[in-house]
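Colleague: Sequence:
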Amino acid sequence: MPLPPIDQFAVLAADQDRTLTPERLAQAHGTHAELRTTLERLRALPLPFTEGVCEPSTALAWIADGGRP
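In the working numbering, the protein residues as written are 5 to 73.
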């Protein structure tokens, strides 16, 4: 996946009602570029410890147990 252009970072910031100075925008883009390969490597890790758990039933069981760990 190619690195998004710096203009896209400005659009994302504006969508989140954030104002970035040109210096901060350049810093955010540079940091993203530096950490991009690490992020992609982490996203590719298998997660064998996750399993399909129905959260509402888990929450209900916890409540039924008195809310104790």
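A few of these clues could be false.
As the list claims (entries may be wrong) - Here are the in silico distance ranges between beta carbons for each label pair:
id	residue 1	residue 2	range
1	A17	T42	19 to 29 Å
2	E38	A65	35 to 45 Å
3	E27	A65	46 to 56 Å
4	L49	D21	51 to 61 Å
5	A18	T41	44 to 54 Å
6	E44	D11	36 to 46 Å
7	A17	E44	42 to 52 Å
8	T23	L43	20 to 30 Å
9	P50	G70	30 to 40 Å
10	D11	A65	43 to 53 Å
These aren't lab readings, by the way, just hints derived from the structure by calculation. None of the values given here were measured: they were computed from a predicted structure. Glycine residues also receive a C-beta, built at the ideal position from the N, C-alpha and C atoms.
Colleague: It remains to establish, for every hint, whether it holds in the given structure.
Modeller: Hints, verified against the model:
Taking 19 to 29 Å as the suggested C-beta distance range, the pair A17 and T42 conforms, at roughly 22 Å. The given range of 35 to 45 Å is respected by E38 and A65, whose C-beta atoms sit roughly 44 Å from each other. Taken as a hint, the range 46 to 56 Å holds for the pair E27 and A65, whose Cβ atoms sit roughly 51 Å apart. In this structure, L49 and D21 break the distance hint of 51 to 61 Å, their C-beta atoms being roughly 33 Å apart.
The supplied range of 44 to 54 Å is broken by A18 and T41, whose beta-carbon atoms lie about 27 Å from each other. Under the hint 36 to 46 Å, the C-beta atoms of E44 and D11, about 22 Å apart, miss the expected range. For A17 and E44, the hinted distance range of 42 to 52 Å is not satisfied, since their beta carbons lie about 22 Å from each other. For the hinted restraint 20 to 30 Å between T23 and L43, the CB-CB distance of approximately 25 Å keeps it satisfied.
Between P50 and G70, the C-beta spacing of about 35 Å keeps the proposed range 30 to 40 Å intact. Between D11 and A65 the Cβ separation comes to about 49 Å, which falls inside the hinted range of 43 to 53 Å.
The structure is inconsistent with the numbered hints 4, 5, 6, 7, although it conforms to all the rest.
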